[in-house]
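Taken in sequence, the protein lines are chains U and B. The opening residue of the first sequence carries number 1 in the working numbering; numbering runs sequentially from there. The opening residue of the second sequence carries number 1 in the working numbering; numbering runs sequentially from there.
Derived by calculation from the structure, the hints in this document are not laboratory data. Positions of the beta carbon are idealized from the N, C-alpha and C atoms, including for glycine. Some clues are possibly wrong.
[Said to hold, decoys possible] Chain U regions said to be covered by chain B (calculated; three or more residues, Cβ under 8 Å):
#1 8–18
#2 29–37
#3 261–274
[Said to hold, decoys possible] If the Cβ cut is set under 10 Å, some of the chain U residues that face chain B in the computed set are:
#4 A22
#5 R24
#6 T25
#7 L110
#8 P112
#9 Y118
#10 A189
#11 T193
#12 I195
#13 A197
[Said to hold, decoys possible] Label-pair restraints from in silico Cβ distances:
#14 B:D270 <-> U:A108: 49 to 57 Å
#15 B:G50 <-> U:L261: 37 to 45 Å
#16 B:A2 <-> U:W263: 27 to 35 Å
#17 U:H114 <-> B:F13: 20 to 28 Å
#18 B:R134 <-> U:A108: 20 to 28 Å
#19 U:A108 <-> B:P16: 53 to 61 Å
#20 B:P310 <-> U:G43: 58 to 66 Å
#21 B:A129 <-> U:A108: 19 to 27 Å
#22 U:V54 <-> B:E17: 33 to 41 Å
#23 B:A24 <-> U:W183: 22 to 30 Å
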Amino acid sequence: MSAVPLARQHPVRAMVDFYVTAMRTQVQTQFQYRAAAYMYLVGMVAEPVIYLVVWTTIAKQQGGEVQGITVGQFAAYYIVWTLVRNMNIVFTPYGWEWRIREGQFSAALLRPLHPIHYDIAEFAGGKLIWVVLYLPIAAGLTLIFDPDLSVTPLEVCVFFVAIWGAYLIRTMLLWLLGMVTFWTTRGSAIFETYIMAELLLSGRLVPLKLMPEWTQSVADFLPFQWAFYFPIQTLVGDLPAGELLGGLGMQVLWIAVGSFLVWICFRASVSKYSAVGN
Amino acid sequence: MAAVDVSELTKVFRVPEREAGLRASMRALFQRRHRDVRAVDSISFAIGGGEVVGFLGPNGAGKTTTLKMLSGLLYPTAGEARVLGFVPSRRERDFLRQITLVMGNRNQLQWDLPALDSFELNRAIYRVAREDFRRLRDELIELLDVGDLVRKPVRNLSLGERMKVEIVGSLVHRPQVLFLDEPTIGLDVTMQKRIRSFVAEYNRRYEATVLLTSHYMADVEALCRRVIVIHHGRILFDGPLTQLGSQFAGYKTIEVALANGAADLSRYGDVLERDADRVKLRVEKADASRVTALLLSEQEVIDLTIEDPPIEDVIELVFAEASE
Chain U
1 MSAVPLARQH
11 PVRAMVDFYV
21 TAMRTQVQTQ
31 FQYRAAAYMY
41 LVGMVAEPVI
51 YLVVWTTIAK
61 QQGGEVQGIT
71 VGQFAAYYIV
81 WTLVRNMNIV
91 FTPYGWEWRI
101 REGQFSAALL
111 RPLHPIHYDI
121 AEFAGGKLIW
131 VVLYLPIAAG
141 LTLIFDPDLS
151 VTPLEVCVFF
161 VAIWGAYLIR
171 TMLLWLLGMV
181 TFWTTRGSAI
191 FETYIMAELL
201 LSGRLVPLKL
211 MPEWTQSVAD
221 FLPFQWAFYF
231 PIQTLVGDLP
241 AGELLGGLGM
251 QVLWIAVGSF
261 LVWICFRASV
271 SKYSAVGN
Chain B
1 MAAVDVSELT
11 KVFRVPEREA
21 GLRASMRALF
31 QRRHRDVRAV
41 DSISFAIGGG
51 EVVGFLGPNG
61 AGKTTTLKML
71 SGLLYPTAGE
81 ARVLGFVPSR
91 RERDFLRQIT
101 LVMGNRNQLQ
111 WDLPALDSFE
121 LNRAIYRVAR
131 EDFRRLRDEL
141 IELLDVGDLV
151 RKPVRNLSLG
161 ERMKVEIVGS
171 LVHRPQVLFL
181 DEPTIGLDVT
191 MQKRIRSFVA
201 EYNRRYEATV
211 LLTSHYMADV
221 EALCRRVIVI
231 HHGRILFDGP
241 LTQLGSQFAG
251 YKTIEVALAN
261 GAADLSRYGD
271 VLERDADRVK
281 LRVEKADASR
291 VTALLLSEQE
301 VIDLTIEDPP
311 IEDVIELVFA
321 EASE
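So here's chain U without its partners, still in its complex pose (with noise of 0.2 Å):
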């Protein structure tokens, strides 16, 4: 050993390492708990099951369709639902609490990396196995419901887009909210709050099309619909090619708000953090 300084990979280069090194660091971790993942991913799919029963069955009492949705249309929006759902989830505001409360924020505070990288990272490593195991879950929910699903090469490649554009929009939206926990260690509770506006805002319970007007009107305000309902419709909606880029674009416009929002809200909240439990 000697004390000549280490050298030093350049930025981009070590913020690309980083993010493939994390990413793999998850895979691994999950590997080691296949069984329980995908145990959590069948337990997931209930939520998506109950509502594509219930509005099959509205659909059926009322000779086929609710305002211009088909029963098959319905099961392809909800078993797609399932994979944009996978994609966006994120560490929540409970887990907020346990990382505080145990300490584990302190260890990311001492890192030369804003934490958000790491959680990005490490999520995205996750989904990466989650959504391997979520395939043959799809197979059968296809084979059960008979989803009417036909999409063009351009629409699976913006899903592709979509999907990563929710997971961001989502991590920013939930950071903000999990930063709650750096003046009370109760920010969970904001979160209930938070799912209710989003359950019924962002096309996660009932497609938007199906809701009132104003409710879409006020939908299109708010960044919920981008990390829900735009990226099921990628694939479900038969979008032309203008409304499905300016979606991304949509998406690109939350992201950049949310991030502005993290960097403020962050250097305001770390000044707050108190240690607590370490």
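Given chain U, work out where chain B should sit, using these hints.
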């Protein structure tokens, strides 16, 4: 320039307070009470590059709070701190790349993976070039003799084994300032010694600055020539370890072996221990020479040693005095 420079550093925590019971709980809904706790109270000190300093104090004295302020985890309420010329609370990346905070009771490694994977992740986080990283990692592994451990999942390691790999993980970016908070807590004597010798070697090779808290005086005696004693957030002593005894302990111990082991020596001083023909006496420091001369002239002495009191006793005395 000092590696660590602290001036009037203060941290006040505002903590909620209420009595126990349902009534107090209901009252707290409408009328919240808070109390300001001065965890660190206007402390000042400087540590030169390459120094190893012991930071001593009882639980709740303000040691960990100080370390957290110096590593940028906590914002000071008042005063200033500079570490390697950086203001820690600004948490600049160049600063964070040059320090580490090791907490003896915290795990910062990936629980389910072998420690080697966590080291690799730390390499990427600290932007260390692969070649330098491999060389440094292997040297640290060899120095702490953890070659067999780094391939096991961290969750399968014992507390002591985990602490050793934790230390390697904390140093793969080769920090210049080490804040070590109870690094040997809960470890057996052999493991404590190993970590002590490792810290000493790291300090020697890299001229790294070390600020160490420990409740084990053996750690402090083995590593630190200088100690800072803190109590109730205030510094009680800052100086050489050897001076601590002379400043705070007004007595010396005389251990004497007698031909007549049954002799009563209580008139020479307080008898602390008696074991066969050996007696340990405590005498006022000013009287030590006179009592020694009397013992030698009046008793049949086989062997006699005069010592400062053990450092544990001195520290205990310092805290007891400060609490009064």
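Q. Are 3 or more residues of the stretch 8–18 of chain U near chain B, judged by a Cβ distance of less than 8 Å?
A. With 6 residues close enough to chain B, the hint holds.
Q | Interface hint compliance - T193 (chain U) to chain B, C-beta minimum distance less than 10 Å | A | 20 Å, violated
**Q.** Status of the given 37 to 45 Å range, CB of L261 (chain U) versus CB of G50 (chain B)
**A.** 44 Å, holds
Q. How does the Cβ-Cβ distance of A108 (chain U) and P16 (chain B) compare with 53 to 61 Å: does it lie in that range?
A. Given range 53 to 61 Å: violated, Cβ gap about 26 Å.
Q) Holds or violated: the stretch 261–274 of chain U covered by chain B, criterion of 3 or more residues with Cβ-Cβ distance under 8 Å? A) Holds, because 4 residues of the stretch 261–274 of chain U bring their Cβ atoms closer than 8 Å to Cβ atoms of chain B.
Q.
Given a cut of 10 Å on the nearest C-beta pair, is the interface hint for A197 (chain U) held or broken against chain B?
A. 27 Å, violated
Q) Against chain B, with CB atoms and a cut of 10 Å, does the hint on P112 (chain U) hold up? A) 4 Å, holds
Q: Using 10 Å as the Cβ threshold, decide whether I195 (chain U) counts as touching chain B.
A: This interface hint is violated because 26 Å lies over the 10 Å limit.
Q | Beta-carbon spacing of R134 (chain B) to A108 (chain U) - inside the hinted bounds 20 to 28 Å or not | A | 25 Å, holds
Q. At the C-beta level, are H114 (chain U) and F13 (chain B) separated by a distance inside 20 to 28 Å?
A. Hint holds: Cβ distance 26 Å, inside 20 to 28 Å.
Q: State, for the Cβ atoms of A24 (chain B) and W183 (chain U), whether the hinted interval 22 to 30 Å holds or is violated.
A: About 23 Å separates the Cβ atoms of A24 (chain B) and W183 (chain U), which means 22 to 30 Å holds.
Q.
Just to make sure I understand the rule, a stretch counts as covered if three or more of its residues have a C-beta closer than 8 Å to a C-beta of the chain. Does the stretch 29–37 of chain U meet that for chain B?
A. holds (count 3)
The structure is inconsistent with the numbered hints 10, 11, 12, 13, 19 and 22, although it conforms to all the rest.
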